[in-house]
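Trainee: The lines below spell out each chain.
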Amino acid sequence: MESHNFFLQTNTREEMIDITEEIKEILQKKSSIRNGYIKISIPHTTAGVTINENADRAVENDILHILRKIIPKSRDYSHAEGNSDAHMKSSLMGTRVDIMLEHGQLKLGRWQGIFFCEFDGPRSRKVYVNIFKE
Amino acid sequence: MESHNFFLQTNTREEMIDITEEIKEILQKKSSIRNGYIKISIPHTTAGVTINENADRAVENDILHILRKIIPKSRDYSHAEGNSDAHMKSSLMGTRVDIMLEHGQLKLGRWQGIFFCEFDGPRSRKVYVNIFKE
Amino acid sequence: MESHNFFLQTNTREEMIDITEEIKEILQKKSSIRNGYIKISIPHTTAGVTINENADRAVENDILHILRKIIPKSRDYSHAEGNSDAHMKSSLMGTRVDIMLEHGQLKLGRWQGIFFCEFDGPRSRKVYVNIFKE
Chain G
1 MESHNFFLQT
11 NTREEMIDIT
21 EEIKEILQKK
31 SSIRNGYIKI
41 SIPHTTAGVT
51 INENADRAVE
61 NDILHILRKI
71 IPKSRDYSHA
81 EGNSDAHMKS
91 SLMGTRVDIM
101 LEHGQLKLGR
111 WQGIFFCEFD
121 GPRSRKVYVN
131 IFKE
Chain B
1001 MESHNFFLQT
1011 NTREEMIDIT
1021 EEIKEILQKK
1031 SSIRNGYIKI
1041 SIPHTTAGVT
1051 INENADRAVE
1061 NDILHILRKI
1071 IPKSRDYSHA
1081 EGNSDAHMKS
1091 SLMGTRVDIM
1101 LEHGQLKLGR
1111 WQGIFFCEFD
1121 GPRSRKVYVN
1131 IFKE
Chain U
2001 MESHNFFLQT
2011 NTREEMIDIT
2021 EEIKEILQKK
2031 SSIRNGYIKI
2041 SIPHTTAGVT
2051 INENADRAVE
2061 NDILHILRKI
2071 IPKSRDYSHA
2081 EGNSDAHMKS
2091 SLMGTRVDIM
2101 LEHGQLKLGR
2111 WQGIFFCEFD
2121 GPRSRKVYVN
2131 IFKE
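Chains as they are written, first to last, in our numbering: chain G, 1 to 134; chain B, 1001 to 1134; chain U, 2001 to 2134.
The hints are simulated quantities; they were obtained by calculation from the structure and are not laboratory data. Predicted, not measured: the structure shown is a model, and the values here were computed from it. Built from N, CA and C at the ideal position, the CB exists for glycine as well. Mixed in with the good hints there might be a few duds.
[Claimed, not checked] Ranges of calculated distance between the beta carbons of each label pair, as one might list FRET restraints:
hint : chain 1 : residue 1 : chain 2 : residue 2 : range
1    : B       : Q1105     : U       : G2082     : 27 to 35 Å
2    : G       : K30       : B       : N1005     : 27 to 35 Å
3    : B       : K1029     : G       : H103      : 23 to 31 Å
4    : U       : N2011     : B       : F1007     : 43 to 51 Å
5    : B       : F1007     : G       : K24       : 48 to 56 Å
6    : G       : T12       : U       : K2069     : 40 to 48 Å
[What the hints assert, rightly or not] Computed, partial: chain B to chain U, Cβ under 10 Å:
hint : residue
7    : F1007
8    : T1010
9    : I1033
10   : R1057
11   : V1059
12   : H1065
13   : I1070
14   : I1099
15   : R1110
16   : F1115
17   : V1129
[As the list claims (entries may be wrong)] Below, simulated BS3-like cross-link-like pairs (lysine-lysine); rule was C-alpha separation at most 25 Å, straight line:
hint : chain 1 : residue 1 : chain 2 : residue 2
18   : U       : K2039     : G       : K107
19   : G       : K133      : G       : K107
20   : B       : K1073     : U       : K2069
21   : U       : K2133     : G       : K107
22   : U       : K2107     : G       : K30
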């Protein structure tokens, strides 16, 4: 099992950042495993990780817009930091995802990309990438 | 590690299809692994995979109804294809699920079944089934 | 691979119970694996498992409040048991989560805890903990 990680600086409160290339770079430059799977996870509670379309970035804007409409920031939360909307979105999207690795390639669909979802930025964030051999 | 897959033809725009039997058939007829776990994943961005009750199919109708109410199709989306509701639902339900395998049996609860969730059909869909030995 | 499990008695209809200590206790007292990962899963269809902040319990109250607002119990469901809101919440939160294990420690963020989410209690519940060696 290999342990890798990388850092991200987010720029606004809510943002979906395509991290597919970062993951591919780790696979190509830092890993010797060609078959197995990778586990992507984050140590944060106001962010998420998801797989969705990366051909048209309008999809990600719509996703953030829909989430904002369903879960408004202005709600009367009991959590004093006032960012419970971000915690809720984190659990809805999830904070970890596994992807199969075959012949050195991520087993993703033609339109699938991996996204880091910032819900309470801007912040410095970290992504763990664990790679397992078949 | 074994790699299997199967195809699905969905019939309407939104549908939850119980694929538990397809998975069990792969385990019984095509796999020699009896202990470990299986990873189910899909290469699509407008569909999902989830585990929920398969005793009363009314549960699945209610789930589709609730999702439709929360995330209307008619919203003013920026994604030109107009199916951002389906992308959102895909990320909410998720596109992958792991299930433990013990003594040749899926470790599922009495009422649990595995569902392919179509959110933008009808379409031809594919399900990946990777089986890992303990 | 090791198989462990434990039982939980929930006390109200909706509740988020921090199970991080139960998981750590299994790792310390019953497991000999120090590097690898653990798979937490539940056999239920009206409950979930998620990772979120466990420093301020107000976060969990806000999450339950937001979910209740988005998905009311009183909706006109076709499922005769009338608890389709709980089934929906189960699929939204998910029923399984993996956590990396390094040097005998769960690889969780500083504020992250593991929560069992009850959506249709009070009930007796069960949590499966499978531990895999690197």
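Trainee: Look at each hint and say if it fits the structure.
Mentor: Here is how each hint holds up against the structure:
1. Q1105 of chain B and G2082 of chain U have their C-beta atoms about 31 Å apart, which keeps the hinted 27 to 35 Å range intact.
2. Taken as a hint, the range 27 to 35 Å holds for the pair K30 of chain G and N1005 of chain B, whose Cβ atoms sit roughly 29 Å apart.
3. Take K1029 of chain B and H103 of chain G: their Cβ atoms lie about 26 Å apart, and the range 23 to 31 Å holds.
4. Checked against the hint of 43 to 51 Å, the C-beta distance between N2011 of chain U and F1007 of chain B comes to roughly 46 Å, which is consistent with it.
5. Checked against the given bound of 48 to 56 Å, the beta carbons of F1007 of chain B and K24 of chain G, roughly 27 Å apart, lie outside it.
6. Take T12 of chain G and K2069 of chain U: their Cβ atoms lie about 26 Å apart, and the range 40 to 48 Å is violated.
7. Because the beta carbon of F1007 of chain B sits about 24 Å from the nearest beta carbon in chain U, more than 10 Å, this interface hint is broken.
8. Here the hint on T1010 of chain B is broken, as its CB sits about 18 Å from the closest CB of chain U, past 10 Å.
9. Violation of the interface hint for I1033 of chain B is found here, the shortest Cβ-Cβ separation to chain U being roughly 12 Å, above the 10 Å cut-off.
10. Taking 10 Å as the C-beta cut-off, the interface hint given for R1057 of chain B holds, the closest approach to chain U being about 9 Å.
11. Among the interface hints, the one on V1059 of chain B holds; its C-beta lies about 5 Å from the nearest C-beta in chain U, closer than the 10 Å criterion.
12. Checking H1065 of chain B against chain U: minimum C-beta separation of about 8 Å stays under 10 Å; hint holds.
13. With a least beta-carbon distance of about 6 Å to chain U, the hint placing I1070 of chain B at the interface is held under the 10 Å criterion.
14. Hint on I1099 of chain B holds. Least Cβ distance to chain U is approximately 8 Å, under the 10 Å limit.
15. Below 10 Å, beta-carbon pairs count as interface contacts, and R1110 of chain B has one with chain U at about 7 Å; its hint therefore holds.
16. Taking 10 Å as the C-beta contact cut-off toward chain U, the hint placing F1115 of chain B at the interface holds, the least distance being around 9 Å.
17. Look at V1129 of chain B: its Cβ only gets to about 16 Å from chain U, farther than 10 Å, so that hint breaks.
18. For the given pair, K2039 of chain U sits about 22 Å from K107 of chain G by alpha-carbon distance, which is consistent with the 25 Å threshold.
19. Distance check on the hinted pair: K133 of chain G and K107 of chain G sit about 15 Å apart at the alpha-carbon level, within 25 Å; holds.
20. Restraint check for K1073 of chain B and K2069 of chain U: satisfied, since their Cα atoms lie roughly 20 Å apart, inside the 25 Å limit.
21. About 24 Å separates the Cα atoms of K2133 of chain U and K107 of chain G, which keeps this hinted pair within 25 Å; it holds.
22. Simply put, K2107 of chain U and K30 of chain G have alpha-carbon atoms about 21 Å apart, close enough for the 25 Å limit, and the pair holds.
Comparing the model with each earlier hint shows violations of hints 5, 6, 7, 8, 9, 17; every other hint is respected.
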